[in-house]
Amino acid sequence: MTDQNLILQCENVVMDYDGFKALNNCNFRVHYNELRVVIGPNGAGKTTLLDVICGKTKPTSGKVLFGKGTNLVGKNAEDITKLGVGRKFQAPSIYSNLSVWQNLDLSLKRASKGVFPTLMGQSSPAERARIEEGLETIGLTDHAHDRAGSLSHGQKQWLEIGMVILQEPSLLLVDEPVAGMSDKETEQTGQLLTKLSEKQAIVVIEHDMDFVRQIAKIVTVLAEGTVICEGTVETVQADDHVREIYLGRAKVAH
Amino acid sequence: MPEPERGRPDSRETVSVYVVGFFLLVVLPVLNVLPAEDSWLHLSDFRLNQFGKFLAFAILALGLDLIWGYCGVLSMGQGVFFGFGAYCMGMYLTLQIGTESVYGSELPDFMVWTQVKELPLFWYPFKSFFGGFFGAILVPVLFATLFGFLAFRSRIKGVYFAIITQALAFAAWLVFNRNETRLGGTNGLTDFKQLLGYRLSDPSTQRGLYILTVMALIAAYLLCRWIVASRAGKVLIAIRDSESRVTFSGYTPWMFKLFVFVVAAGLAGLAGMLYVPQVGIITPAQIGVLPSLEVVIWVAVGGRGTLIGAILGAVAVNYGRSVLTNYFPEAWPFILGGLFVVVVTMFPDGLLGMIRKVTDRHKPPAPELKADGRTAA
Chain A
460 MTDQNLILQC ENVVMDYDGF KALNNCNFRV HYNELRVVIG PNGAGKTTLL
510 DVICGKTKPT SGKVLFGKGT NLVGKNAEDI TKLGVGRKFQ APSIYSNLSV
560 WQNLDLSLKR ASKGVFPTLM GQSSPAERAR IEEGLETIGL TDHAHDRAGS
610 LSHGQKQWLE IGMVILQEPS LLLVDEPVAG MSDKETEQTG QLLTKLSEKQ
660 AIVVIEHDMD FVRQIAKIVT VLAEGTVICE GTVETVQADD HVREIYLGRA
710 KVAH
Chain B
825 MPEPERGRPD SRETVSVYVV GFFLLVVLPV LNVLPAEDSW LHLSDFRLNQ
875 FGKFLAFAIL ALGLDLIWGY CGVLSMGQGV FFGFGAYCMG MYLTLQIGTE
925 SVYGSELPDF MVWTQVKELP LFWYPFKSFF GGFFGAILVP VLFATLFGFL
975 AFRSRIKGVY FAIITQALAF AAWLVFNRNE TRLGGTNGLT DFKQLLGYRL
1025 SDPSTQRGLY ILTVMALIAA YLLCRWIVAS RAGKVLIAIR DSESRVTFSG
1075 YTPWMFKLFV FVVAAGLAGL AGMLYVPQVG IITPAQIGVL PSLEVVIWVA
1125 VGGRGTLIGA ILGAVAVNYG RSVLTNYFPE AWPFILGGLF VVVVTMFPDG
1175 LLGMIRKVTD RHKPPAPELK ADGRTAA
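The listed protein sequences derive, respectively, from chains A and B.
For the first sequence, the working numbering begins at 460 and goes up steadily by one.
For the second sequence, the working numbering begins at 825 and goes up steadily by one.
Careful: at least some of the hints might be erroneous.
To spell it out: a stretch of chain A is covered by chain B in this simulated footprint if at least three of its residues, at any positions, have a beta carbon under 8 angstroms from a beta carbon of chain B; those stretches are [claimed, not checked]:
#, stretch
1, 518 to 524
2, 539 to 553
3, 578 to 585
Beta-carbon label-pair distances, calculated as ranges [claimed, not checked]:
#, chain 1, residue 1, chain 2, residue 2, range
4, B, Val839, A, Lys527, 56 to 62 angstroms
5, A, Gly528, B, Val839, 42 to 48 angstroms
6, A, Met579, B, Asp1184, 29 to 35 angstroms
Hints in this document: simulated from the structure, not taken from any laboratory.
Every residue gets a Cβ at the ideal spot worked out from N, C-alpha and C, and that includes glycine.
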């Protein structure tokens, strides 16, 4: 039960939407500094799984243990964020009327994010250096003072990843980061995530199998709200059950 | 890459603020005092007083702009907080009438004719100026804290919040209209004589009140500018843009909303307090649903999300009203409604947005300014 190397353990998580079980006794484990890819057909419960972990929705039953055994179920999203879980949403979710710099500045991890510290607070040189470092990581240094709403789709996705990493999460949840990106942007995103996984655990939901092959070491296959297979890309693709329910229907069965 | 620590409003704006501030604070009162009455430079007591009223409204508009323009939370109950401020000062002024009243009684006239024999207890604090002064700020602030806590804590948002604040305005109007509330009923409080010993009928008293109003407006503007330029001001815009993301950035949105709602209520109370001695009357008609809605129109017309726009809108719409109601008194509600529709559909950035568009044409576009004028103060 208490594997020291696990950052996340979802145990028998059930998410019941009026009879439809989006998650059905889902057991899902992630190690520290691991880059895990979750795949599965539409409606398999991938996004719901992330929603449950980050506190966006409360599961019907089950436990979500984080780090040294903190149960995340029942905590609100702000507190889970403070504990070190970062969430990148599927559609770019950024502050379009603020500059790229301001987006990152707001996201930066700070001792207190209450009203009055935020009202009085000034960034220290160290904090500004961290924002600049973040800008470099996501390749938006030249756009620091642009309005975030004016960025391209791919840049917005990177900005949101940058916002999440400045929160210094120990677990990063990323939902379909490359949807709508060009091939080049997809590849850059892959490199970015691989680099980030040196420092933190990352869970990526993805459909694009080329991208999965680029970044994945271990892939988890989700179907009908439960984990049906876990292993390397090759193992998973060789699995008959997976072929039957998932790969058989997708374009990637080669 | 030097990002200004606190977002600097653009320099043209700062310059125009100095110019307008000097004009309002020094030039207008001087034009009222120095030139001979028949000189074309002379500003009549009536006009100066009227300006004082508009500028008090501008303080009210600044508050709404903070909560609606920046944070995206539409409050249709700002008239209530304005009314609380106005009534608190009005109660002090009423008690200052003393035996100069029509019935010559120590009790306010309306109490005499509604057969109230003794001053109700809640009137006692308003025997002193400090009661009226602090009450005018604290009553709206405390009420907004309670109301805002209940509403924002239960995550009431968007149109639902707008509706419950409108319901609040209606409820307040009903309560203030009742004689049993002991606040003068439909007739409100009026016939004031003096403030701290100064006769209100004296032009110099009114000039003093005008100057106080300008100073209060400048202070309110600086306070709002400080808030929107701080990181908390960016959080407000972030809440407007994407509230759920704010939660996942580690902030608690409802606390920020509560904070600006309370600041806006305090400013509304201040505006009400300054309005009463200059206008000389406060009635429930000034605090209900319609007056609360008008504030929304001022801000929309001036340019929401820009502090200068809120001030400009309040003054322009009220000036327009004073001119147009002379010529077409019945048409004013239609003009006001039409103005709102035209602005919202065709000029979402209001008067200030139009001014910026025209002036920016002569300059190479600066990225900071292209932000819909929304990140600047």
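(Q) Output the indices of the hints that this structure fails to meet, ascending. (A) Numbers 1 and 5, in rising order.
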